[in-house]
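*Asks:* Sequence:
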Amino acid sequence: MTNDTITILHSFVAKIISLLENELDELESRKSKGEVIIKKNITETLNKLVNLIIQLNKLSRDEYLN
61 MTNDTITILH SFVAKIISLL ENELDELESR KSKGEVIIKK NITETLNKLV NLIIQLNKLS
121 RDEYLN
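Residues in the sequence shown are numbered from 61 upward in steps of one, following my numbering.
Everything labelled a hint here was simulated from the structure, so no lab data went into it.
Treat the hints with caution; some may be incorrect.
List of simulated lysine to any residue pairs, SDA-like, C-alpha gap at most 20 Å [to be verified]:
| hint | residue 1 | residue 2 |
| --- | --- | --- |
| 1 | K118 | F72 |
| 2 | K118 | L87 |
| 3 | K75 | Y124 |
| 4 | K75 | Q115 |
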């Protein structure tokens with residue numbers, strides 16, 4: 061995987077994280093059962109995406125060192 065590809069993926073995932081954080085902020089004031097489930101799902105997805113960003117950073121660093 062080239063550094064350009066990693067950078068593109070990193071930017072794409074960062075945009076998704078930003079959109080999901082905005083959605084979570086909008087849902088924060090709502091307390092219905094459906095919204096609680098949605099917030100939980102968004103939070104779980106955000107955690108996975110943050111882990112993906114961490115892995116992309118490691119991969120980028122490894123590519124740079126090689």
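*Asks:* The structure should be examined with respect to each hint, and the outcome stated for every one.
*Replies:* Checked hints:
1. K118 / F72: 17 Å, holds
2. K118 / L87: Distance of about 32 Å is beyond 20 Å: violated.
3. K75 / Y124: Violated: K75 and Y124 sit about 23 Å apart, past 20 Å.
4. K75 / Q115: Given pair K75, Q115 holds - Cα atoms ~16 Å apart, limit 20 Å.
Of the numbered hints stated above, those contradicted by the structure are hints 2, 3, listed in ascending order.
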